[in-house]
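Undergrad: Guided by the hints, dock chain B onto chain A, whose structure is given.
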Amino acid sequence: MLKFLAKGLMRDRTRSLFPILIIAAGVMLTVLFFSWINGYAMMLIQDNARFETGHVKIVTRAYKELIDQKPYDLGLMNVTEKIEILSNEYPQMHWQPRIYFGGLLDLPDEKGETLTQGEVIGFGVDLFTDSFEQDLLNLNDALSQGNLPTKQGEILISSEVAEKLGININDKVTIIGSTMYGSMAMHNFTVSGMVRFGIQVMDRGAVIVDIADVRLFLDMEDSASEILGFLPKYNEDTTFEISATFNETYTNEDDEFSEIMLPLRTQGQMEFLLTALDERMGMFIFIFIFVMSLVLWNSGLMNGIRRYGEIGVRLAIGESKGHIYRSLILESFLIGIAATIIGTAIGLIFSYFLQYNGIDVSSMLKDSKVIMSATMRAQVTPASYFIGFFPGVIASVAGAVISGIGIYKRNTAQLFKELET
Amino acid sequence: MKKIFIIILLLFAIILFAEFPDGNDLIRKVDDNMYSKNAISTSRMIVHGRRGSRTMEIKSWAESEDKSFSEYLSPPRDAGTKMLKLEDKLWIYNPASDRIIQISGHLLRQSMMGSDLSYEDMMEENELIKIYNTEVTGEEIINERDCWIVLLTAKVEDAAYHTKKVWIDKERYLPLREERFGKSGKLLKTTEIKEVFKIGKRWYPKNMVFKDVLKKGKGTEFIIDSIEFDVEIPKAVFTKAALRK
Numbered sequence: 001m002l003k004f005l006a007k008g009l010m011r012d013r014t015r016s017l018f019p020i021l022i023i024a025a026g027v028m029l030t031v032l033f034f035s036w037i038n039g040y041a042m043m044l045i046q047d048n049a050r051f052e053t054g055h056v057k058i059v060t061r062a063y064k065e066l067i068d069q070k071p072y073d074l075g076l077m078n079v080t081e082k083i084e085i086l087s088n089e090y091p092q093m094h095w096q097p098r099i100y101f102g103g104l105l106d107l108p109d110e111k112g113e114t115l116t117q118g119e120v121i122g123f124g125v126d127l128f129t130d131s132f133e134q135d136l137l138n139l140n141d142a143l144s145q146g147n148l149p150t151k152q153g154e155i156l157i158s159s160e161v162a163e164k165l166g167i168n169i170n171d172k173v174t175i176i177g178s179t180m181y182g183s184m185a186m187h188n189f190t191v192s193g194m195v196r197f198g199i200q201v202m203d204r205g206a207v208i209v210d211i212a213d214v215r216l217f218l219d220m221e222d223s224a225s226e227i228l229g230f231l232p233k234y235n236e237d238t239t240f241e242i243s244a245t246f247n248e249t250y251t252n253e254d255d256e257f258s259e260i261m262l263p264l265r266t267q268g269q270m271e272f273l274l275t276a277l278d279e280r281m282g283m284f285i286f287i288f289i290f291v292m293s294l295v296l297w298n299s300g301l302m303n304g305i306r307r308y309g310e311i312g313v314r315l316a317i318g319e320s321k322g323h324i325y326r327s328l329i330l331e332s333f334l335i336g337i338a339a340t341i342i343g344t345a346i347g348l349i350f351s352y353f354l355q356y357n358g359i360d361v362s363s364m365l366k367d368s369k370v371i372m373s374a375t376m377r378a379q380v381t382p383a384s385y386f387i388g389f390f391p392g393v394i395a396s397v398a399g400a401v402i403s404g405i406g407i408y409k410r411n412t413a414q415l416f417k418e419l420e421t
Numbered sequence: 422m423k424k425i426f427i428i429i430l431l432l433f434a435i436i437l438f439a440e441f442p443d444g445n446d447l448i449r450k451v452d453d454n455m456y457s458k459n460a461i462s463t464s465r466m467i468v469h470g471r472r473g474s475r476t477m478e479i480k481s482w483a484e485s486e487d488k489s490f491s492e493y494l495s496p497p498r499d500a501g502t503k504m505l506k507l508e509d510k511l512w513i514y515n516p517a518s519d520r521i522i523q524i525s526g527h528l529l530r531q532s533m534m535g536s537d538l539s540y541e542d543m544m545e546e547n548e549l550i551k552i553y554n555t556e557v558t559g560e561e562i563i564n565e566r567d568c569w570i571v572l573l574t575a576k577v578e579d580a581a582y583h584t585k586k587v588w589i590d591k592e593r594y595l596p597l598r599e600e601r602f603g604k605s606g607k608l609l610k611t612t613e614i615k616e617v618f619k620i621g622k623r624w625y626p627k628n629m630v631f632k633d634v635l636k637k638g639k640g641t642e643f644i645i646d647s648i649e650f651d652v653e654i655p656k657a658v659f660t661k662a663a664l665r666k
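Protein chains in written order, with our numbering: chain A, 1 to 421; chain B, 422 to 666.
Hints were generated in silico from the structure; no laboratory data involved. Among the clues, some could well be false.
Here chain B is said to cover these stretches of chain A; the calculated rule only asks that three of the stretch's residues, wherever they fall, bring their Cβ under 8 Å from a Cβ of chain B [unchecked claim]: (1) 97-111; (2) 181-191.
Cross-link-like lysine-lysine pairs, in silico, DSSO-like; alpha carbons within 30 Å at most [what the hints assert, rightly or not]: (3) B:Lys661 with A:Lys164; (4) B:Lys632 with A:Lys64; (5) A:Lys70 with B:Lys636; (6) B:Lys604 with B:Lys619; (7) B:Lys661 with A:Lys64; (8) A:Lys82 with B:Lys636; (9) B:Lys639 with A:Lys64.
For each residue, glycine too, the CB sits at the ideal point set by N, CA and C.
Same shape as in the complex, but just chain B:
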């Protein structure tokens, strides 16, 4: 009788644990879905500030996770502003002053073009698996989609956020909601995917809302208008010379 009871208990425990997938596998699938060898996209960033909203149009080129280049197309005041990210370095070109400035130190924590994102957010390594330890803690329905709740804890010293709580779509492997916390456990930023679209085999965010919870305002909307994956990008794009062109 005792043996049967222990076996039932073990089976019950196995079933319970088996319900939650491995966090690393889950995050790897998210990384595989979200990141490609290279991509060219056009997007809109709408900053909903306290004094109204402002829309910026951006064209971006990205290769692996180390290189990216963006050019602001509008509004007129920001048009021509370019950003180049090469590994852990970030340069900005401002056409009004015709200067290229490297963003470093405390400037990295500043808001990027007035949005709820910081330059540090932009610099963060794309593949989550490389920066965070994972633990699946539960499940919840978000926007009518079944999601796993995954707790990510930084395993590297220089991570922008100490912990992240991510709600991952069980089928599409998209992080539908994300909460980012500081070392003290204070909630700093939230991200929510409002709309998704399918390109080829992968699901991709179409409309995302970033919110710096320490800032007043309604957050920053990021809308991807078009994106092409795995296209050839000339090497010259990812050079400082391209900033002045």
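The shape of chain A in the complex, shown without the other chains:
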């Protein structure tokens, strides 16, 4: 039966060409859109996890209230002990303390007087214990001039800041901020290198310093703004499970300095962005199925008119209406499969192209506060290979199901009369 229908479709291209073209185009767009959204979501998760959120983050309850301001004065204390406990309780995760601070970078002249000043966002990360942070932040690739810090007292500055303030490698600069207890703090650093991450929020004014230097500078002995936790591979369900067990044990509603663990998805704008992406994908597929069904319904009706005689003859020679209806649906199923394969293949070609080349969106991110690469890429995943099958086949079959109903309206008694004319 299948073979018979397939042969019929291939020999009578007017039955299959238009629906195949329509469905293939739609499936191609679905695959491309899915891979694009996927790439955007992956990039959003990866970039934010690296620079901002971790896969989970531990902060104090007081810090969480003002988390957008990164109030390190409300940060965590006794961090070494806390990380030891965390490593024992959650051995599958890697824990990294960080201090984020705002400050004023001051370049002195030869007399020690201020030459230029600019605002910076400081990242205090562990640069010397192991290479975890260096790899995570991709510092080797981001380095545009000079070297990574090799000893205490050295600093990495974003190339944009260096250009703006006229800072060169080996220049001595002072960062002015306030200590964990609010006193004015100033610390001298030697510029060892300049970095460009390709992430607007970072490139606009980031400086990276070893966390030991920051602790000295901000009077934060064994303290940190946050402790970030990383799984070997991001898994949203695991981050929620770990956070729930941690918070049950350690969060105390009566102590504003008790710790609370926040999974990546619940931090900042991540929930909003990721939910919006999920919703958009669902909406796109729904619209696709709906519109395609309407188009294919119409196409099926046109086809029904064109095949009016053929169906009449088939009814006249005794084929049941149900059998004809089922054969039309089966035909549409075959058309759907064929079109989906073609559409998926073309969609994957475009998706892979965008995965390797990407699109520069830096102009759109000029004032963005979201951590996101300036080059947006698609991301082909195993799901990209079959995501088009659902809308492709469903739309095709749905079109045939609706348009085929006309068969049941044919009056068998009048068939010969109709055929005579």
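TA: Chain B in isolation, oriented as in the chain A frame:
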């Protein structure tokens, strides 16, 4: 009859208005009481933060309203930090980095040494009469002292606060309570004098509490341990060179 009624009404109005003194006179008396030609003081600033309290000891030299120099004596981390104010400029010396930095722009709005005061508060011209228009709006008892309530509205563009509501002791001419508002009318800071002492003829605050209402915490206490008025201060004190000494 009509004339008598009008005269009574006028007299009543005169009595009513006569009850409130002229705001400018009142503020001038406050300025005269609070500010001297020069002064040397030692004080303690206790910052009651969310994580506990921190005490800083400060020695200050002030001449007229344009010049002041302060040196932090303790705690050890802050000891040696010096601040110099010359007219509308402010420099800070930090011994750990051996740098002198001029505080300007948005830094002026930052908290001064973690307290509820900003550098801008410190920079504000001392004599209220020069910055604000005054209006006496009522009277109230504060800490068992009769006070006039005076509304101050900025008459200069660069005032740190658009309006201030000040409760002035009727006899001692001390601003026992002060509320500072932004342009939108939002309350930003409060000041309260908790204890006063008499030096010569003038009454002076001994213990004050500043509170930034936008910040959590119990405010900043400022205690004057000793103060000497109208003493000779060498000119070299108010120079940038003195910051590194």
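Undergrad: Tell me if chain B covers the region 97-111 of chain A under the three-residue, 8 Å CB rule, please?
TA: Result for this restraint: holds, n = 3.
Undergrad: Is lysine 70 of chain A close enough to lysine 636 of chain B, meaning Cα to Cα at most 30 Å?
TA: With a Cα-Cα distance of about 15 Å, the restraint between lysine 70 of chain A and lysine 636 of chain B holds, given a limit of 30 Å.
Undergrad: Check the hint pairing lysine 82 of chain A with lysine 636 of chain B against an upper bound of 30 Å on the C-alpha distance.
TA: holds, 28 Å
Undergrad: Going straight from one Cα to the other, do lysine 661 of chain B and lysine 164 of chain A come out at no more than 30 Å?
TA: Cα-Cα ~28 Å, so holds.
Undergrad: Between lysine 661 of chain B and lysine 64 of chain A, does the CA-CA distance stay at or below 30 Å?
TA: With a Cα-Cα distance of about 42 Å, the restraint between lysine 661 of chain B and lysine 64 of chain A is violated, given a limit of 30 Å.
Undergrad: CA of lysine 632 of chain B to CA of lysine 64 of chain A, is that 30 Å or under?
TA: holds, 23 Å
Undergrad: Against chain B, does the region 181-191 of chain A show at least 3 residues with beta-carbon separation below 8 Å?
TA: Coverage by chain B holds for the region 181-191 of chain A (8 residues, Cβ < 8 Å).
Undergrad: Next pair to validate is lysine 639 of chain B with lysine 64 of chain A; report whether the Cα-Cα distance is within 30 Å.
TA: Distance ~20 Å between lysine 639 of chain B and lysine 64 of chain A Cα, so the pair holds.
Undergrad: Going straight from one Cα to the other, do lysine 604 of chain B and lysine 619 of chain B come out at no more than 30 Å?
TA: violated, 36 Å
Checked against the numbered hints above, the structure violates hints 6, 7; every other hint is satisfied.
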